[in-house]
Amino acid sequence: MENNTADKKNSPSVTQDMNKGIQLNPHDPKTWWMAYAAQRPAWIPIMAPMAEHAQFLTGIPARQFYADAKINVHTLAALAAYYGFDNAMGVGDTYNYEAEAMGQKMIYSENAMPTVDSRDPLIKQPEDLKKIKVPDWLHAGRIRSVFDLIRLNAEMGMPGGKFCAPFSLAVNIRTYPLLIKDLRKNPEFAHDLFTFLADEILTSYLKCQKEHCGITAATAPDAWSAFPNLSPDLAEKWVVPYAERLFKNCLNFDVKAVVAGSCDYCEERIEKFDKAILFRCFDVQKKLAFGMPMVILGMGRWHEYPLEPVLEYLAQYKNNNIRAVVMAQINARLLRDGPENRIIDLVKRLIDTFGRDYNLTVIMSNVPADTPPRHIHAAVSAVHTYGRLPLAENLDTVAFHIPEREPFQEYVHKMSGGIGLGF
Amino acid sequence: MSDTLDKLRQCIVDGDDDMATALTEEALQSGVDARDIVKTAIVPGIEQAGKLWQDNIYFMPDVVLSAEAFKAAMQVVKPYTQGLKTASRGKIILGVVAGDMHDLGKSIVIAMLMGAGFDVIDLGVDIPAATFIEKVKELKPDILGIGCYMTTTMLELKEVLRALEENGLRNTLKIMIGGVPTTQQFADEIGADAWGRDALDAVAAAKQLIEKVR
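As given, the protein sequences belong to chains A and B, one line each in that order. Residues in the first sequence are numbered from 1 upward in steps of one, following the working numbering. Residues in the second sequence are numbered from 1 upward in steps of one, following the working numbering.
For the record, the hints were derived by calculation from the structure and aren't laboratory data. Mixed in with the good hints there might be a few duds.
Claimed, not checked - Here are the simulated distance ranges between beta carbons:
#1 K248(A) with K39(B): 50 to 56 Å
#2 P241(A) with A204(B): 35 to 41 Å
#3 E134(B) with G103(A): 28 to 34 Å
#4 K140(B) with P61(A): 32 to 38 Å
Backbone N, C-alpha and C define an ideal beta-carbon position, used for all residues, glycine too.
Let the sequences and hints guide you as you build the complete structure.
Here it is as structure tokens:
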């Protein structure tokens, strides 16, 4: 089967090649991860953008962690090296930067991720849309720190721009209830709003990222359009056209801007799991992937949902000798609550189901702040053991144990020669 | 008049807040008792929306719009029901913890709880522990509902419970929690009395808790 479709940009082999010969620098945690990444064996990749957990574990004040790219990237790189992730990207409050730059009021606190003040939306009335100007990106909000973050990530072999998807951005400046009401009662305004965000705001933002960070691709999360926040029908109507519009706009300056995570199937009640709705969600994801055959098993309860329907959907690729991408997430609450054997069982089941015929990546996203590190070690060890390539024919025969690890602070002390993270 | 009430009930199911307001006013002007409007049209409307949610026919946008229509209708009848003797299941105050501005889930929970006959007071979002304490002392609720929507602000729930304990208020009420990052396990860890996965769970939990209080 031809491996012709996976996005190899961030695959372990690529970052491995890039980081060969890297010298460990006690002052630069990026090199800790790069040195680790250079000598990884071949296995199914596992990654975890985990800002909240990193901030909690290190005790760095939120105001610093989410505004200073160096602090953010160094902390996450140290954590990625400690846990053994195949990706060490710095990541902040990804949904908020553009809204803040546009003038949306934010709430900052000592311990929590910054958040938009939904009591005071930027667009209170449809007429407010006309008052919004395209920000001077280099001087607005925390955009400079985002650009620093992108550049630092690129230094570790993980280039790529970041932006907030049009739908989630619209929620941030309008609020969800008002936006939903717009879709129903004032679709002309909703169209104007999404068009403005796609054509004016996000296109200029990504062009600026291209000019100042040299990006050629950018991805956006879009949790506000996950199911059931939006039905697949509404996503078809209000997410896909504007994602396509943005994609086309950005091709004009050679950037592939992709909205990911829309229509992520997140039914909370297992008794309401519905294969037909899941397939509709996958269909929307397919349109947003612009030709890349992939499915996202995101924030939903995949430790409880059946996996057979996913295989049924993926058969359209397998039957045509196409090796599709499967991005499978370990549920954040499972990761926090455990127990470890339940986390390990999920990882093993994901690898057994998707690891042979598809390009599987295991993801831990939105890792809760107070997740016990042992649960994360369990998940990573399970991926590294059961996901070692080539995969064992019968994973039940693979010996598994969770290695005992020193606490993160001790690891940092050892790697830095007592300096710590340096801030 | 039953035609107007039928239309009002349907408006709430359909999530049309403007029409719900107009029809509630029309019913009141026609002399229908405010309590009858609530009982025969407004509450059945939000209950029907909840049922459709349960049956996978309604999704979040539909439920949010129904909750908005419910809120609009209730605002119209409120002045007419104040001072009247109405049967309340119990008093609940609800708020989202400090540093957290997400109130989408809370709005739906409030509509469903009010629909179930609870007297609900909304404290809003970004509520510090000290304000929760002050409001509990002042309003003496049967149940305190606390929400959070980020894993960092989730830790604030512990602070609220600790503050209630320190102020000798913990045993005067029942506590239920909810919000995206929370789980039954977390509720158990911090000593809450109940956890709601969604608005329907919250109503069921509140009904059970109130039995224990009474």
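Right, here's what the structure says about each hint:
Evaluation of the 50 to 56 Å hint for K248(A) and K39(B) yields a pass: the beta carbon distance comes to about 54 Å. Separation of P241(A) from A204(B) is about 40 Å and conforms to the stated range, judged on CB atoms against 35 to 41 Å. Separation of E134(B) from G103(A) is about 33 Å and conforms to the stated range, judged on CB atoms against 28 to 34 Å. Look at K140(B) against P61(A): about 37 Å separates their beta carbons, and that is inside 32 to 38 Å.
Comparing the model with each earlier hint shows no violations; every hint is respected.
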